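A.B. asks: What follows is each chain in one-letter form.
Number of protein chains: 8
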Amino acid sequence: MNKPYSRLDRDNAAVLLVDHQAGLLSLVRDFNPDQFKNNVLALADLAAYFKLPTILTTSFEDGPNGPLVPELKEKFPKAPFIPRPGQINAWDNEDFVKAVKATGRKQLILAGVVTEVCVAFPALSAIAEGFEVFVVTDASGTFNEITRDASWSRMTQAGAQLMTWFGVACELHRDWRRDVEGLAALFSNHIPDYRNLITSYSLMKGTNPLPKAVP
Amino acid sequence: MNKPYSRLDRDNAAVLLVDHQAGLLSLVRDFNPDQFKNNVLALADLAAYFKLPTILTTSFEDGPNGPLVPELKEKFPKAPFIPRPGQINAWDNEDFVKAVKATGRKQLILAGVVTEVCVAFPALSAIAEGFEVFVVTDASGTFNEITRDASWSRMTQAGAQLMTWFGVACELHRDWRRDVEGLAALFSNHIPDYRNLITSYSLMKGTNPLPKAVP
Amino acid sequence: MNKPYSRLDRDNAAVLLVDHQAGLLSLVRDFNPDQFKNNVLALADLAAYFKLPTILTTSFEDGPNGPLVPELKEKFPKAPFIPRPGQINAWDNEDFVKAVKATGRKQLILAGVVTEVCVAFPALSAIAEGFEVFVVTDASGTFNEITRDASWSRMTQAGAQLMTWFGVACELHRDWRRDVEGLAALFSNHIPDYRNLITSYSLMKGTNPLPKAVP
Amino acid sequence: MNKPYSRLDRDNAAVLLVDHQAGLLSLVRDFNPDQFKNNVLALADLAAYFKLPTILTTSFEDGPNGPLVPELKEKFPKAPFIPRPGQINAWDNEDFVKAVKATGRKQLILAGVVTEVCVAFPALSAIAEGFEVFVVTDASGTFNEITRDASWSRMTQAGAQLMTWFGVACELHRDWRRDVEGLAALFSNHIPDYRNLITSYSLMKGTNPLPKAVP
Amino acid sequence: MNKPYSRLDRDNAAVLLVDHQAGLLSLVRDFNPDQFKNNVLALADLAAYFKLPTILTTSFEDGPNGPLVPELKEKFPKAPFIPRPGQINAWDNEDFVKAVKATGRKQLILAGVVTEVCVAFPALSAIAEGFEVFVVTDASGTFNEITRDASWSRMTQAGAQLMTWFGVACELHRDWRRDVEGLAALFSNHIPDYRNLITSYSLMKGTNPLPKAVP
Amino acid sequence: MNKPYSRLDRDNAAVLLVDHQAGLLSLVRDFNPDQFKNNVLALADLAAYFKLPTILTTSFEDGPNGPLVPELKEKFPKAPFIPRPGQINAWDNEDFVKAVKATGRKQLILAGVVTEVCVAFPALSAIAEGFEVFVVTDASGTFNEITRDASWSRMTQAGAQLMTWFGVACELHRDWRRDVEGLAALFSNHIPDYRNLITSYSLMKGTNPLPKAVP
Amino acid sequence: MNKPYSRLDRDNAAVLLVDHQAGLLSLVRDFNPDQFKNNVLALADLAAYFKLPTILTTSFEDGPNGPLVPELKEKFPKAPFIPRPGQINAWDNEDFVKAVKATGRKQLILAGVVTEVCVAFPALSAIAEGFEVFVVTDASGTFNEITRDASWSRMTQAGAQLMTWFGVACELHRDWRRDVEGLAALFSNHIPDYRNLITSYSLMKGTNPLPKAVP
Amino acid sequence: MNKPYSRLDRDNAAVLLVDHQAGLLSLVRDFNPDQFKNNVLALADLAAYFKLPTILTTSFEDGPNGPLVPELKEKFPKAPFIPRPGQINAWDNEDFVKAVKATGRKQLILAGVVTEVCVAFPALSAIAEGFEVFVVTDASGTFNEITRDASWSRMTQAGAQLMTWFGVACELHRDWRRDVEGLAALFSNHIPDYRNLITSYSLMKGTNPLPKAVP
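Those sequence lines, one after another, are chains L, E, W, S, R, Z, D and X. Every letter in the first sequence is one number past the one before it in UniProt numbering, and letter 68, counting from 1, is 68. Every letter in the second sequence is one number past the one before it in UniProt numbering, and letter 160, counting from 1, is 160. Every letter in the third sequence is one number past the one before it in UniProt numbering, and letter 26, counting from 1, is 26. Every letter in the fourth sequence is one number past the one before it in UniProt numbering, and letter 116, counting from 1, is 116. Every letter in the fifth sequence is one number past the one before it in UniProt numbering, and letter 201, counting from 1, is 201. Every letter in the sixth sequence is one number past the one before it in UniProt numbering, and letter 100, counting from 1, is 100. Every letter in the seventh sequence is one number past the one before it in UniProt numbering, and letter 114, counting from 1, is 114. Every letter in the eighth sequence is one number past the one before it in UniProt numbering, and letter 166, counting from 1, is 166.
There may be inaccurate statements among the hints.
[Claimed, not checked] Heads up, simulated BS3-like pairs for lysine-lysine below, C-alpha to C-alpha not over 30 Å straight-line:
#1 Lys205/L with Lys78/X
#2 Lys73/D with Lys205/Z
#3 Lys205/D with Lys78/Z
#4 Lys75/E with Lys3/L
#5 Lys75/E with Lys98/E
#6 Lys205/S with Lys73/R
#7 Lys51/W with Lys78/W
#8 Lys98/X with Lys205/Z
#9 Lys51/W with Lys101/E
#10 Lys75/E with Lys73/S
#11 Lys75/Z with Lys3/D
Simulated from the structure, these hints should not be mistaken for lab results. The structure presented is a predicted model; accordingly, all values stated were derived computationally and were not measured.
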């Protein structure tokens, strides 16, 4: 009866960022804006850090929905970028699905705006085609908590796993010894409390508290 | 173990509005009143926009429960309207079930007041008879959050899917290209943040920001 | 995969009130005290109104846990009352289980203080013995929301259904025509908003707004 | 030591609407969007209903701040409309102050976006010039509750009075007998609970529950 | 600069209950309904217990606002009851002011629905005429917390003192020895936690935990 | 117009602990119980640490209100302890006032249960007699936030200053150099986050992280 | 379909405390710090009281994560303590798994910081190897409620049971008669409301209210 | 009676940043950490942008309080930096007061950690010496909301004005035309919603949405 443990694997995971557009972001009210911005950029940074295949898509960029936020575009200059001509569910867009399948990965790390549509629809579609879906809940936003809770219910009924960017990073990294400095930089840049721990620690050790940028 | 993805289909869905009565609405305290009024009218507008068969029912209209809110009656002048003589579960009323079955639809989009009774009871009954039930959580209201959470638990145990009016609209529409203006009007009339995006966009494009009314 | 709809049936249901003791009630902080007192008394009133077999039990009445609240004792002068000598899970007490089985009922409507112990333990035990368990969430209280949420999770995993006193009353009554006045009195005494609807309605009809007492 | 009671007077009051612009509204997060939209339109409707001199102003309409929301412009086609070329405090704009003084009114009913700037700055300036300022708190929005609370503190230190649109309407109207239908229409259009009361009442009286539009 | 301590005095205080009407109560959303009902009845009980002159008034009883809640009418069968023909501010009604002045009391204990209108307006008017005003904040309700906070600010600027029914009772009673049983009954009937303390205590002492009714 | 800065002075301050009784504590619901217990004990520890004259008083210890919590009695074995025979306002008890005056201190640091009665009444009385009153808000508890806010308003109108135990400790200590270890022990025992800082710091320095007990 | 009732058994349960380190604790923001500290120490006390095999582990103690909180180390001087050299999932550390298996227990009571990583990862791994996992939700902390909710979802999908320290203690103890004094001491030390009940009760009985220390 | 309007003036204002240290920041729990970090850096950026004299001070940098956060030190390499040897109130440190007076400014913009001590104490001291104090509430943090509210009350009683970094920036800038690009960069870097407005606007205008760095 239990769902067996499927661990995220850096060789089998891809990241899908759906409709993080400047206009649509004004709809997101289940997060404080500073917090949400940080979460989205943290997810982008971890995708880059772990060198995961990443796919960007948008809906109607030249209308009121607005353009993809520039930081994401800059972060992934070579990633497949699929501006959808009209499909609301990204999975209804052939190019998007092709790009996903081209990665050869079966674990999809998914985030977007708004949660019950731009995340839930492709999540349900991908599961139906045999993919494992890991929703990055804190990099996905929507109108309010009721909507979020309802969408979480629908996605988990279908078998999606709810995660956060921090959990994703930790499950991918597995062992600090792979790269202490790199993971610490990721955390320091996106978790103020962790940054403060590093700052205090570094002072006592006489080392530099400002972490390197994530490449 | 996962629930397979059942997508809402405009040719297979019907809308059931249960007991949105002027008296009963004073019991609804899990939503801000402005928000709840907007959600109910948005659901009505989308039912009309997608031309979904819609069924109205009430409980004891001439008693303290009060009449159906007039906007719903006006919106659906030709819809089956079943004032129940006493049955608390609408599904216990033969006329109501007949009306549902007469639509020939198997996907029931359901909302009502109060959630744990007027929504949950017919939801459970309909599922027991083989229908798929999609609860419009934000057009269904009740006494408080505890009651809502408990009723969500009971309905999802039985297999109901929790949605919101916005998710329903997007899943039914599927592709903006079917009718950009119509969907934008629906959103503009019921999502202030989206309306503002359209207003700003229209100003720059020199077009009219005020969307057409939903027919 | 779905849980089939099991409706509460007035000929097959019994009510179990576990440890609503004056001392233990000071531990309940997931409800406003006025609200919780009202919910517990409403559940007692509905048990009496529907003439459901009702069983009372307490833990260590003569110690700090304090006595059963007097209103419950007075409400059910002839009900089995099992002060447990030490068992924390009421189902570990033979007399309690005997009393439950003596009712011949298979649907157990259960409430108590505190939720994760006095409700969850007998709920899990009763389900294990083939009973259906309906938890009256709003007449069951505990330390805080986290504890409540965790206990709800454990009970629903095991198959318990989460309800509220209002939902229980409506599912048992089924049709207003059985007894309009009696159900209205129950609601008027325990739902201030409903009482106000009746008051306004009665004024216009020239009838008496103060409902009869529940017998 | 007490502030003497200064009652709003329909012959001495003017309404100032500051920077309710489509872009700036996306910054408002101390209100639910449906609620805030309703409050702003309610204030506009009451200004029209009481025929109060009303002044509109905006900041940088053709930049990211966006245009004045169209409903306000349509509501007050003949009102002074001062698009400020750069002044953040509307009171720093001579045309705005002239327009205010031209009304001859000494009681200023003030609302705007965002509260701590577009409301607080002109409020403080107007008080300094001897006006009485009544802040319509629920038609003024800002980033979060902390900001709102801080701005309320600063404005009340200076002598501003904090009100809401409903309180303003009631203090201006003073006696229902002046125009029962008109005030009821205002409330029915902007207070869902009040609308429901009217709907139920009208049903029993056999009158029309849908209020006339506010002129 | 400090406001000197003015203590409530049972020989100098009167209670004003403004517009606790069945319809208007559906507007109150800054309290849980069970809690608010209890607070209003507690204030009524204390007014009776301390034999304070009490004045009742309503606005448009035969319209949507609905009748005074019956419990209040029954509690004070001989109290002046002034159904106002249209004045929104009760102090604008001559009969009401006459009734207040006829008590000869200078300390007015005031509660009503809704706070920013039915409480704040007469509070400001009474202070302007030299009365001391003590607002019973928890027996006064309104649309939401923002409205409540704004109205509290306006009333305290004018010199009103914010209290609760419990504080009023304690300040009037001054010394338990005047009547232990009577005050305990008042608290036991309206504070569940206090009732539980008395119940546990009584069990150990072998006395009756159920307090006498308030006369 | 501004209130001049009156700093707490260890040679001019006394601590008054009013009615922290085992029964009354069950009424306190504006704090998490763990948090409130910690705050009260922190205040007791700081009173002892700074050797401030401390006065204890209770109301009806042998009734339902219950005894003074044993930790306070043990902490101040020689402090004046005034069990009041009936006066609700401790300042109405001559022995209490005498004890206060016997300290020769003019700055009263005051905390108690419940805030709007046991704290507010003596606060207002003491100010009226020329004392300065500093309310330790986080060691004073009551029924809910509304009651707390109202009582804060009444006390600040009268000139009381609102503080917390941490602010009191810092203002009394003035300079860490007086006794680093002692103050650190106080903070470490009552502020988990501060304790953790000390623990991490100590590990790196090789010193003992467990602070000495407060004498 | 239901999960069968697996009761915690003191002869089959072990306690795993993962990464309660002084630095990491500053990340925990889904609990009030006083409450969280109390919960963790309560879990430690119950592990000791029930003499459950207990295993401690940490991640990078000599870096910013900081040392294990000293109270835990002192409480379990002989327990296996596994400072992990780098593995994020404790179950990836062979020594840790060996220590768990060496207990011979199949029921794992698990708590840690942060929930979605240090608790969820070993929970999922242990379940995959056939252990039963009971998560002590209130002794496990993380960044915020969203993260907590997401991690609870993932763990329960896999079959973990969510509990609290109080529920664990009660399920292990089963019958007060085993040791009334010992369990009462545990509750008195960690539940202020329960301590107050005991204090009041003891006063009346003339016994000592201060419970013995937990060994 | 009203406080006259004192506008912030870029030629008369200085910024005081008190104890924003890596250790102390772990105590701040009245803000989300992402939000608080952003607010502090926004205040630093505006101080630099408006070229206001800025003074930094810390308490016990080499102990558990930890070092000043590195970003602040880097931002103001030439600013007076006063590590206090022990004084808790920065105003008790002669060097700090000298540095403040050396600026020649009379308007002090003040922020720090924790609010009721590191902000309130120097605020009260500075006011006592004739300075005007403007507290940047959202760049000042403390343990919880109760502490914050109490400290706000004490500071406003003394005449401090409560502001936020955004209000400070707007009041100092006064007119967008002084430097549109500079102010927009400040807002874009620290207000995600504003950044999104600029991004969408820029796309349509064909300009660069990424604002220049603040010097």
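A.B. asks: Which numbered hints are broken by the structure, listed smallest first?
C.D. replies: 4, 8, 9 and 11
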